[in-house]
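Asks: Let the sequences and hints guide you as you build the complete structure.
Protein chains in written order, with our numbering: chain G, 379 to 860; chain S, 50 to 364; chain D, 1281 to 1505.
Just to be clear, a hint being listed does not mean it is correct.
[Stated by the list, open to error] Below, computed lysine-lysine pairings styled on DSSO-like, alpha-carbon distance capped at 30 Å:
{"#": "1", "chain 1": "G", "residue 1": "Lys432", "chain 2": "G", "residue 2": "Lys577"}
{"#": "2", "chain 1": "G", "residue 1": "Lys535", "chain 2": "G", "residue 2": "Lys432"}
{"#": "3", "chain 1": "G", "residue 1": "Lys730", "chain 2": "G", "residue 2": "Lys672"}
{"#": "4", "chain 1": "D", "residue 1": "Lys1319", "chain 2": "S", "residue 2": "Lys337"}
{"#": "5", "chain 1": "D", "residue 1": "Lys1319", "chain 2": "G", "residue 2": "Lys535"}
{"#": "6", "chain 1": "G", "residue 1": "Lys469", "chain 2": "G", "residue 2": "Lys730"}
{"#": "7", "chain 1": "D", "residue 1": "Lys1319", "chain 2": "S", "residue 2": "Lys79"}
{"#": "8", "chain 1": "G", "residue 1": "Lys469", "chain 2": "G", "residue 2": "Lys535"}
{"#": "9", "chain 1": "G", "residue 1": "Lys469", "chain 2": "G", "residue 2": "Lys432"}
To be clear, the hints were calculated from the coordinates, so they are not data collected in a lab.
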Amino acid sequence: MVLIVMLVILAVTAGVCLIPTRSRVFAPGITVLGAVAILALATHVALTAAAGSKVVAIRDWVSCDGFGALILLLVAYVGLGTAIFSWGHMKGPDGADGALRLRRYYCLHNLFLLAMLAVVTLAQISLVWIALEFTTLASVFLVSFEKTPKAFEAAWKYAILTTMGAILALFGILLLYWGMHQAGGGLFTWDGLTAAMPKMPAGILETAFILILVGLGSKAGMAPLHSWLPDAYSQAPVPVCVLLSLVETATIPYVIFRLWPGFAGPVGAYTGSWLVFFGLVSAGVAAFLLIQVKELKRLFAFSTIEHLGIILVAAGLGGAAAASSAAYQMVTHIITKSFCFFAVGAALLVIKNQRIESIQGLVRSFPLAGVALLLGALAVSGAPPFAVFLSEFSVLKVGLSQSQYLAVGLLVLFVGISFCAIMFHHSRMVFGRPLVPANRPAVPVSYLAPLLLTALPMALLWIYMPGALADLLRLVGALLGR
Amino acid sequence: MARHLLFNLVQVLVVMGVAPLAKGVLVRLKERVQSRQGPSIFQPYRDLRKLLCKDEVVSEQSSWIFRFTPYIVFAAPIFVTLLIPVLTSYPLFFAFMGDMLGGGFILALAGFFAALAAVDTGNPYGAVGASRTRMVGFLAEPVFMMVFFTVSFDAGSTIPYIVQQVWVSPPSNFFSPSHVLVVLSFLMLIIAETGSIPVDNPSGHFELAMIDESKALEYSGRGAALMKWGGHMKFFVLMCIFLNVLVTPWGLAGSLHVTDLLMAIPLVLLKIFLFLLVLVVIESSLAKLRLFRITEFLTAAFITAVAAILTRLLL
Amino acid sequence: MPADVFHSTVTQLNALMGGFFLLSCFAMVATRQILACLKIFVVQSIFLAASACLLGSLHTSWHLFEVAMITVASKVILIPWLLRRSISHDIYARREVSQVFNIPTSLLMALALALFAFFLARPLLPRLAGPSWVNLPIGLLGLFIGAFVVAARREAIPQVIGILAMENGVFLAGIAIASSLPLIAELAAALDALVVTLVFGLLASRIHSHVGTTTVGDLATLKEE
Chain G
379 MVLIVMLVIL
389 AVTAGVCLIP
399 TRSRVFAPGI
409 TVLGAVAILA
419 LATHVALTAA
429 AGSKVVAIRD
439 WVSCDGFGAL
449 ILLLVAYVGL
459 GTAIFSWGHM
469 KGPDGADGAL
479 RLRRYYCLHN
489 LFLLAMLAVV
499 TLAQISLVWI
509 ALEFTTLASV
519 FLVSFEKTPK
529 AFEAAWKYAI
539 LTTMGAILAL
549 FGILLLYWGM
559 HQAGGGLFTW
569 DGLTAAMPKM
579 PAGILETAFI
589 LILVGLGSKA
599 GMAPLHSWLP
609 DAYSQAPVPV
619 CVLLSLVETA
629 TIPYVIFRLW
639 PGFAGPVGAY
649 TGSWLVFFGL
659 VSAGVAAFLL
669 IQVKELKRLF
679 AFSTIEHLGI
689 ILVAAGLGGA
699 AAASSAAYQM
709 VTHIITKSFC
719 FFAVGAALLV
729 IKNQRIESIQ
739 GLVRSFPLAG
749 VALLLGALAV
759 SGAPPFAVFL
769 SEFSVLKVGL
779 SQSQYLAVGL
789 LVLFVGISFC
799 AIMFHHSRMV
809 FGRPLVPANR
819 PAVPVSYLAP
829 LLLTALPMAL
839 LWIYMPGALA
849 DLLRLVGALL
859 GR
Chain S
50 MARHLLFNLV
60 QVLVVMGVAP
70 LAKGVLVRLK
80 ERVQSRQGPS
90 IFQPYRDLRK
100 LLCKDEVVSE
110 QSSWIFRFTP
120 YIVFAAPIFV
130 TLLIPVLTSY
140 PLFFAFMGDM
150 LGGGFILALA
160 GFFAALAAVD
170 TGNPYGAVGA
180 SRTRMVGFLA
190 EPVFMMVFFT
200 VSFDAGSTIP
210 YIVQQVWVSP
220 PSNFFSPSHV
230 LVVLSFLMLI
240 IAETGSIPVD
250 NPSGHFELAM
260 IDESKALEYS
270 GRGAALMKWG
280 GHMKFFVLMC
290 IFLNVLVTPW
300 GLAGSLHVTD
310 LLMAIPLVLL
320 KIFLFLLVLV
330 VIESSLAKLR
340 LFRITEFLTA
350 AFITAVAAIL
360 TRLLL
Chain D
1281 MPADVFHSTV
1291 TQLNALMGGF
1301 FLLSCFAMVA
1311 TRQILACLKI
1321 FVVQSIFLAA
1331 SACLLGSLHT
1341 SWHLFEVAMI
1351 TVASKVILIP
1361 WLLRRSISHD
1371 IYARREVSQV
1381 FNIPTSLLMA
1391 LALALFAFFL
1401 ARPLLPRLAG
1411 PSWVNLPIGL
1421 LGLFIGAFVV
1431 AARREAIPQV
1441 IGILAMENGV
1451 FLAGIAIASS
1461 LPLIAELAAA
1471 LDALVVTLVF
1481 GLLASRIHSH
1491 VGTTTVGDLA
1501 TLKEE
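Replies: Now the structure itself:
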């Protein structure tokens, strides 16, 4: 019941945002209120699921177990952050036209969150695919919000490449359905599929897995199909970048990993090695591209690709511990990445364009943004004492315990290269003599609140993990481990 | 045995006699579709008789190729007629002397000599037309090969009589995808080889745009008559291969009786008439392609033929 | 009509529809004009609906007939109407669509993709007994050739049509291998195709009004440099 209420709240807020009103505060306000409600309900669901019981709204259609609850909580948390941030950051042009565009922005924002929640709560796999499609469709116009030719180019590339990937994945899903029928039939839900998969013929399983991995991977920005990602990130507004990151590193890996426990035996080794392969390729490509990146948001886009690679490698290693560490990496990454992007948003208050070479001495001209950016860069590249270090370390530990020395070695190399690259670029931006005279603007609450919201877990997870979160991670491990 | 030889000769006579009629009917139908009166369907016979009675004018710069080519162009389709089923469904006397590939090569030989003869006189329009004909010819060769391979695969042989019995005779084969694709591909090939729209305009008089007509530009008198007649017979022979081997091998004489053979003649003519109707519809509804679009047309024919063999082999 | 004759006739006709579908995939690669591309897509959807009807009559279930009706309603009627409405007429009237390769090269590459698709589908075929054996390989071929059309065209609308053709291919395979999916999934998929068309059409018209051209292949300004 709770789940349906959550979906309805988001749908209603999306519709209500479109009502033309005099004040420009109405739509953002409704969005923030809705996000707060969603967060409260999501926490409730997460606590219920952490205790071990599955939250069921409509049997076999809408339900949520431990893994789903974890992603639900992440989506709600980050959604609240972006809602608050958008209130201060998104200021459309003046006039009635600008107000209309803003209303559309908030409507699409809510629809995007609704689609992400639907992916996690729906149990029928065909409907999950449709919800994934809707995440793309809702975000196309968000990416092209600025209405410049470059923004349209980025939005077009994004739309075309991700839709192509989704259709490839659809073919894979239909193959799984066929395999399930050959193995005896049943309902096409996550549970039904996981139960039937050990009995399916191996040829169907392998072909379906490759199609789904390549298709959904192109939606998630897995190399070599990542070419749309940096362009979309560089042109989209900052809150939209955060949401895109959320989709790519939380929601889509959720779908891919849900299929994981069904592959057992020799098929499991085959699929695991493909996951590790694509993960390493993504991490490597991202690491080398980070060395020569020229724009600020593109830097964080490549960092997203790198972390996606780490998540895929972690899952591909197989086993309960690896699955837990993959989920942990998902959690820490999205919190840290949101913090980074909010810091970029704060920095955008003073800098004019995003080229890295034109930014210098940020810590003197705008200390808040400078410090936040530096901390975010340290965190996302995996330095202690931040949470990402812990999760990456646990991934490496799992890899070593499974004697996958080559994979672990390559991963360490790529993470090291990207650490050096990110820190090099950031140290140039943050330190030094400022090119812009210091004009510390007043930082509105709407910028501070999301920064704090995401900074707290980022710092605290180093020393304390809430019991519920640990329970959820353990449940994920039990669910996905073979 | 003697009966087989007799039927073979009857086949040749039928082809020689009816080929100009087929052309006449085609021209008349096209003109009628365009709301014009059109010439009589026997006009090609009158043209041939007129040309045979006239003197020949031969350029002094031309060689023996020029004088020899009309006979080759006239004789080649006759040789091919000996090999293919026109009236009977069982092999006749000369049937095993050559298969479909051999027939294709004989027709190509005639085309080769015609192209050489067009260049021989030094007329620039002849050379232009000859080069274009060769371009169409070499692009059409792979299509020929692919079509013949596809239909021979089931029969295990390239003799048209054997192929015809295996390829379409079970009627359930008629709708199979490879059959439909082969038919489409060969239809495009006929259009290209006989110079119909959309590849070439057969009734045009503009030498700069001629492709197939250019081979008969310099001829007069008996040479012109033989080139024209050879062209009509080549068209008729290609239609016979298409209809009697690939599409509708029904209605042919099944036994050695003379009455069966005589009954087969009107049935074959009926099939040819229906095909001419289809051709008229195609010719009247399309426009002539620009020269370099012909490569696309023939590539499409090639792809269709390869798709036919793919669906046959892999499905 | 006796049952086995009916069965074999329907099998033959279904194979014929598959052959025409394959031909329409190649035809989509070989056309130059946007309007012709759209018409070929409509024809392709009609063949898809016909195949669904044939398989439905064989299994004597209403489900596939409903799928066929949904396909006709969305892909033959609504989607072409939406696409024509969203862009002004002078886009459609243009004769030449700019392409990355010329047509014979594109056709040969499409042929190579067809070979690849058949090669992929080969190990799966023995499991697919019965009259719908032709749908899986040709569906996979439709998927790959649709992707090729998206990659090889520089104009906006043919890219959208390529994506819809990919979905046609997936559905052709789907009616054979996943014919008993709940109806709500089919309806939702059709709705998704409609929304995809709406979004792409709207985006393309906005690109046209803001950037001035729909040759999206020429928009290549975002690069690392």
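Asks: If a hint holds in the structure, say so; if it doesn't, say that too.
Replies: Here is how each hint holds up against the structure:
About 25 Å separates the Cα atoms of Lys432 of chain G and Lys577 of chain G, which keeps this hinted pair within 30 Å; it holds. As the CA atoms of Lys535 of chain G and Lys432 of chain G are separated by approximately 39 Å, the hinted pair breaks the 30 Å bound. Pair hint Lys730 of chain G plus Lys672 of chain G holds up; C-alpha atoms about 15 Å apart against a cutoff of 30 Å. Taking the CA atoms of Lys1319 of chain D and Lys337 of chain S, the gap is near 21 Å; set against the 30 Å cutoff, the hint holds.
This hinted pair checks out: Lys1319 of chain D and Lys535 of chain G have alpha carbons roughly 25 Å apart, not beyond 30 Å. A threshold of 30 Å between alpha carbons decides the hint, and for Lys469 of chain G with Lys730 of chain G the separation of about 16 Å falls inside it, so the pair holds. With a C-alpha separation of about 28 Å, the suggested pair Lys1319 of chain D and Lys79 of chain S falls inside the 30 Å cut-off, and the hint holds. For the hint linking Lys469 of chain G to Lys535 of chain G, the alpha-carbon distance of about 26 Å falls within 30 Å, and the restraint holds.
A distance of roughly 42 Å separates the Cα atoms of Lys469 of chain G and Lys432 of chain G; the hinted pair therefore is violated under the 30 Å criterion.
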